[in-house]
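Once you've looked at the hints, dock chain B against the given chain A.
2 protein chains.
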Amino acid sequence: MNASSAPTDWPAFAESLGAIPTELDRALVRQKSRDFYWYSPVLKQQLRGVSADIIVAPRDEADVIAVVRECFARRIPITPRGAGTGNYGQAMPLHGGVVLDLIGLNTLHPILDGVLRVGAGAKLGEIEARCKPLGWELRMFPSTRRTATIGGFVAGGSGGIGSINFGQMREAGTLLAARVVTMEAKPRVLRLRGAEVNRVHHAYGTNGIITELEIAMAPAQSWMDFVVAFDNFTRLAEFTDRVARADGIAKRLCTAVDSGAAAYLKPLQDKLRAGESAGIFLIAAQSSAPFEDALDRAGGRVVRRLTEAEIESTGAVPAYEFTWNHTTLHALKVDRDVTYLQSRFPGPDYLDLVARVAEHYGDEVPMHLEFIRVDGEVACAALPLVRYTTEARLRAIIADFERRGITVFDPHTYVLEDGGMKQTDPEQLAFKRHADPLGLLNPGKMRGWDEQSSPA
Amino acid sequence: MNASSAPTDWPAFAESLGAIPTELDRALVRQKSRDFYWYSPVLKQQLRGVSADIIVAPRDEADVIAVVRECFARRIPITPRGAGTGNYGQAMPLHGGVVLDLIGLNTLHPILDGVLRVGAGAKLGEIEARCKPLGWELRMFPSTRRTATIGGFVAGGSGGIGSINFGQMREAGTLLAARVVTMEAKPRVLRLRGAEVNRVHHAYGTNGIITELEIAMAPAQSWMDFVVAFDNFTRLAEFTDRVARADGIAKRLCTAVDSGAAAYLKPLQDKLRAGESAGIFLIAAQSSAPFEDALDRAGGRVVRRLTEAEIESTGAVPAYEFTWNHTTLHALKVDRDVTYLQSRFPGPDYLDLVARVAEHYGDEVPMHLEFIRVDGEVACAALPLVRYTTEARLRAIIADFERRGITVFDPHTYVLEDGGMKQTDPEQLAFKRHADPLGLLNPGKMRGWDEQSSPA
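These protein sequence lines map, in sequence, to chains A and B. Every letter in the first sequence is one number past the one before it in this note's numbering, and letter 326, counting from 1, is 621. Every letter in the second sequence is one number past the one before it in this note's numbering, and letter 265, counting from 1, is 560.
Just chain A, with the same shape it has in the complex (with noise of 0.2 Å):
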C-alpha cells in the first residue's frame, strides 16, 4: 500500500470535500468501524484497535467519486461499509484512513420484471417492505435484514435466509449488474453485468466501491413462522431435511439447532422444554398445513406459530432472527465464552455424519443446521457453536472436521481467502489491478493483493 507519509489534516480533508457529511468525533469514528468482529475471539484480539481517521457518507454516487478523487490524490486508504453487520472484519480499516458509510445511496428504482435496481445503502428490510406489496420479495437476506445494506451483503456476504431456494448470491441470476467506481486520480464508474458482478461480490470492498446494484427478487409470498420442538436432534435434523427437500411445501428457512443451541434463544425459552432442540422454519402459509402434518407425523410439536402480521403487530422476534449469524448472537449475549464455526457437510449423506459429530463433541459444539441449495441439490451448512477455550483447541476442532470431509468458512480470520476459497480469485485479483492500482481500498484483506510484488 502506497499510504502518504506525511500525516493527514483530517479536519483539512473533511473541508477539502465540501458538503460530503463527514464524521471526526473519535468515538463515532471507531464505533463505525466496527463489525460484529467480536463472534470471534480470535478477531476480538486482533482487531480490538483498529478504527478509521475520519467517517464520509457521500449522498450519491458523484459524491463517491469526489471522495475517491481526494482520497488517491493524498493515497488515502478507503474502507466502503454498509450497515457494519457482517462478522469477519470486512468493513474495518486495518490502516485506518476513510470508512465511506454508503447508507446514504439507498434510492430504489421501480422494479421491472422481478428485476430492482437499487442503491448499495439502502437497507434490505426497507427493501423488503417496499417490495412486498408490489408483488416481491428478497430472493435471500442474513439474519441481520432488519439494519444490513444491500451492497454489504453483497460485498460481505454470500446467503442466507432464502438460499434454500435459490442457492448462493454467487449462482447466477441473483446478482444481475453492479455499478462500481473505480479507485483512481480518475475515477471510472464501470458497469458490471452478469458473471461480472462475481468481481466485486464478496470482495470485501477491497477492488471497487458498488453504488448500486441490480438484483433479481422473489415473487412475494405470506409466510409463516414456526418454531418447532423434538426432544431428539437426531429426529430434528431428519425432519429439518425432509423439509428442505419437499418439493411441495414452499418454503424459505430451514435451520436445526439442538437443545445445547436452543438453550440460548432467550425470547423462545418459556416455550422450549429442557432438553428440547429447535427447529426454525418460514413456511408459505398455503403450506402451512402440509407441514404440520409432516410435523405430526415426525413427532414434532409446534413451538411457535406467527403470520408475519402478527410478528409486526406484537413485535416478537422474527424466525430467522434465530438463524445463521444470529443463532451464535443469541448464545453470546448468554455467554461471552462461545464462537462457532462455519462449514458444509458433504452430500448427500450428510445427516449420519452430522450425528458422528454431535456425538463426537457433545455440549463443546452444540449443532446448528442450515439447509441451503447448492446446484440444484439441498446442501447441509452447518454453524456449530463453539465453547472457546483456546485458538489452539479451536483449530484443532476445524482440523478434525476437515479430516471428516467437513468444508470449513473460517470465520475467525479477516482474510478474504481465508475465510472462503483459501485461494485468490483470480478475476477478483485481475479486477483489482484494474480497479485499485494502487492498492487503496480495504487494504491488507486481499491476500493475494498483498502477496505479490507492490506496484508501480
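Any given hint could be a false lead.
If chains are identical, the list can't say which one is meant, so a pair holds when it fits in one copy or spans any two.
[Claimed, not checked] Think about it this way: if two alpha-carbon atoms lie no more than 20 Å apart in a straight line, the pair counts; the simulated SDA-like pairs of lysine to any residue are: (1) Lys-418 <-> Asn-401; (2) Lys-427 <-> Pro-514; (3) Lys-427 <-> Ser-517; (4) Lys-427 <-> Leu-407; (5) Lys-427 <-> Asp-408; (6) Lys-418 <-> His-404.
In case anyone wonders, no lab produced these hints; they're calculated from the structure.
Chain B in isolation, oriented as in the chain A frame:
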C-alpha cells in the same frame, strides 16, 4: 362388476335425470368416450370400439349425486371424464354405461393465501388466465393446458410443466383437499385433505367422483418462451440439465429433444436447421439474460424468444405445446407409425446413460428429455419417440430400458397399475371398497380390484 342383466332403456334413463343435460347421439357419445389413446398403437387396437351409452353432463355437485343415485339403483357404470386429453384410455368406458362429463363443475372460488378452491371441471387454461392477474398461476400443468380440466389432470395425470419446481402432484403440498362423491345407494360427499387426496389422485376416477379441489398455486411470474438449438444433442442435454440445476435461474420448463424428434415440430421447421436438436424452456423474464449468457457459453443459439403477450397477440404455438406428450402429438401428425415411451433415467449420472441409449437406438428411438424435481433433486424423465414396427419390438425396447436401470411407466396400457407403480396402491384399493362397493366406477381399470373376489 355387477352390471344389470336387462338392457337399459337409455332414453328412459335420460328422462329419469330430469333437467340434467344428457346426450344420446351415437357419434357424439363415441366422441366423448375417447381420449388420446391412439398415441399408442397397442391401445388403438384394444380400445377402438369402446363407447359409453350416454353422456351425462351435471351442472353441479347436486346433479352428480342425482346421477349417481339413478345409476347405482340400476347398476349402471359411471366413468368420470374431464376434457378427455389423457392418453391411456383413462376415461374410456370399457363397460359402456354413463360417461360423466364434469366440465360443467367449473366454479373458481376466490384465492386465499395462494390456495384455489375450484370445481373439477374448470379448464387449466381458464384457471391460469383468471388467476394470473391476481398474482397466482398453476404450480404445474400438462401440455394440454388449453383444454384439459383440473379434475382430469388430478385424476389422470402426474405432473408436467412446472414439475421442475414443484415435483409431481403427489408430493405433499400441491393437492390440499378434494370433495369426492361416492358411488352408493345414498351417495356421500367426502372431504379428503392432505395426503388423503392421493387416494383419488391418479386413480382414473375408479374410486370416487372428484367434484372440487383445493390446490396450492405458485406466485405468478412473467415467462419468456424460449426455443434454442444445438447441433449436438449431448451438449443440449448437458445445457438443459445445467439450467435445470441452476438455482438462480427462475424457470418453469426444461425440455430437450434430439434432431429426430425436433424434425416433427412443424411450427419450428422454418427456424431449426437440418440436424439440429431443440431445447424448449420457460424462463422468468428476470432470468432471461443469465439464461442467454449460459446458452452462449454452451454454444447454443436462440431460435425463438417470445413473451407471453407476444404469444397471445401473434397466435404462435406456446413452447409448452412442443413438450411432454405434445412432442409425441407433433410426431403423430406427421407420421402415424410413431409412438413413445415414458421413463425415468436413474440419477445423478443420467446423462451418460441418456447418451448410451441414444447411441444404441439411434433413429429408432428419437430422444426426448423432461427435467423435473423428485425429492428435492433434479431428475431426468424421458418420453422418447419410438418408430413402431411390432408390439413385440416395443416390448423388447421397454425390457431393454428396464435392464439398463431406467424406470418405464408403460403408456401402452389402460390398466392403472401397469402404467405406473406396477402394483396396486393399497390406499386407493381400500378407498374403492369404501366409496364404490359395487365396482361401478370406471370398471376394468384397477387390476387390484378386478383380481379380488367380487364383493357381495
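Consistency of the hints with the structure:
{"no.": "1", "hint": "Lys-418 <-> Asn-401", "in the structure": "within (7 Å within a copy, 45 Å between copies)"}
{"no.": "2", "hint": "Lys-427 <-> Pro-514", "in the structure": "both (9 Å within a copy, 13 Å between copies)"}
{"no.": "3", "hint": "Lys-427 <-> Ser-517", "in the structure": "both (10 Å within a copy, 17 Å between copies)"}
{"no.": "4", "hint": "Lys-427 <-> Leu-407", "in the structure": "both (14 Å within a copy, 17 Å between copies)"}
{"no.": "5", "hint": "Lys-427 <-> Asp-408", "in the structure": "both (14 Å within a copy, 14 Å between copies)"}
{"no.": "6", "hint": "Lys-418 <-> His-404", "in the structure": "within (14 Å within a copy, 38 Å between copies)"}
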